[in-house]
Amino acid sequence: MEITNDLIEHIAHLARLEFNGEENERIKADLENIISFVDQLQKVDTEGLEPLVYMTEEINVLREDTPAVTVTQEEALKNAPNKDSDYFKIPKVLKG
Amino acid sequence: MLNSFASVQEALDSGKSVSDILEHYLLEIEKNKHLNAFLEVFEESARASAKEVDEKRAAGNAGKLAGMVIGIKDNMAYKGHKVSSGSKILEGFESLYTATAVQRLIDEDAIIIGRLNCDEFAMGSSNENSAYGKVLNPNNEKTVPGGSSGGSSAAMAAGLCTATLGSDTGGSIRQPASFTGTVGFKPTYGRISRFGLLAYASSFDQIGTFTSNVEDATLLTSIMAGMDEYDSTLIQEPQKAYSIEAPKEKLKIAYIKDCFNSEGINPIVKAKSEAILEKLKAEGHEVAGVDFPYLDIMVPTYYVLTTAEASSNLSRYDGVHYGYRAQDAEGVEPTYKKSRAEGFGEEVKRRIMLGTFVLSQGYYDAYYTKAQKVRRLIQDKTKEIFKDYDFIISPTTPDVAFEFGANSADPITMYLQDIFTVQANLAGNPAISLPLSEDENGMPFGLHVMGASKDDENLLGFSAYLMNK
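Sequence order for the protein chains is A and B.
Using our numbering, the first residue of the first sequence is number 223, and each one after it goes up by one.
Using our numbering, the first residue of the second sequence is number 1303, and each one after it goes up by one.
No lab work stands behind these hints: they were computed from the structure.
Since this is a predicted model, take the numbers as computed values, not measurements.
With a Cα cut of at most 30 Å, we get these calculated DSS-like pairs of lysine-lysine:
1) A:305 <-> B:1639
2) A:265 <-> B:1685
3) B:1552 <-> B:1685
4) A:300 <-> B:1381
5) B:1639 <-> A:311
6) B:1559 <-> B:1685
7) A:305 <-> B:1390
8) B:1381 <-> A:305
9) B:1390 <-> A:311
10) B:1436 <-> B:1335
11) A:265 <-> B:1689
12) A:250 <-> B:1436
13) B:1390 <-> A:300
14) B:1639 <-> A:314
15) A:265 <-> B:1559
16) B:1559 <-> B:1572
17) A:314 <-> A:300
18) B:1583 <-> B:1572
19) A:311 <-> B:1384
20) B:1384 <-> A:300
21) A:305 <-> B:1384
All chains, full assembly: derive it from the sequences and hints.
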């Protein structure tokens, strides 16, 4: 199938990525190639087959729901690129 | 060379301490720095652990792995230590907890010596996709060590640890094991907890080992495997200690005819792998070619499903809670987009894009659901073969290690590296690469043996039989 700039832009937005200039041309060409490669699947007869969704044969593996502090606030904030003592900080959303 | 647990134990018996063993490896790592196998050596914590294990040995209460020094792939969490999955987006990230598999090794007094280079988020077959540079193959430094667990295979081949851990989503343990002449084992899906393994494709990912022999793979797998309340996809049966037993009766061994006739297979790889089959036949085992007409569609199926899972798994890297954040973005959405665009490498972005595409409205059924149905077909046909046969044998890789850059121009030629290994991940079976052959230049390549689902123990027993002949 033909991969248009609009499709790239749409998929990139869904994936929260962006591609500019030369990068955009490259991802377009790569996706076109890879999609035609995976299009080989269409020739396989899968009539009557259920999708294989779970690789485990186990059903309802449950454990007790026991309240516990598994990550403290301090630990959760430890790797944040920007934070204060209590919160993750993000760039300003509203101007002015 | 201290390249097996037996050789370590021999050194301990002759009066060496665990600290001595560790210092030996630290020196070897320093001497082999140019391989770029280690992203970080945990000198301080490893030395402290070695001292503790020596004290336990003196007191007579050391664990089963006392003296074992293990390197872990840079996609496994180890509390208080950095982990980056070979990505710039996780540069500087420090684990808050320890992966179950790693913890169980530590509980038996193994020492974790450092984290090993890998393709970014385990996506690659040559380790050329790491944000932290390529890894050299110790057998021939002009060639790749395989991927994605390239640091793990190189470190093992160069004798920098007693054993290393890797993860295998489509062949990421077995292909590098083939390229470096090491034993690479991927257990049955659900055998070892994935808790603390940085996810690539959750229905494929499996932790496994690089070792110099099957005995060490067996020991480490027995210890790491088994139920874990943090991973509900695990096989719900108590883990027994595996023992290696030679096959008691004559075996039925299948080979997929198309594997040996596939285009691009190196004639020496083909001839030497066939010679092993002939030998098994001569020993009285039944060896038969079987039809499996899905060789061509396995890699496409793998790419649709793994990229879909990856696009979901990697959505957590948003530049807000941890990891890399682009400096100049304004507002939330541009922060996400810019951080991810700058933080992820090219191959990772390519796979996120494909995965997002196959999951998007209008394409979901044609690609994602279709691939899940084909996966069912592949699993059904694989099960069918195992009704009649004990093992399936093929070469691990169509060729020996290739030179840097040789497969970089076209992503698809790189993807086809997985052609013989990916069946085990699609179907969930255990599989191993055994270093049984070399080409005319002395470059190793592996024999690939796949077992029936959950039949890890017999697969290891048969592997030891093949190796020790």
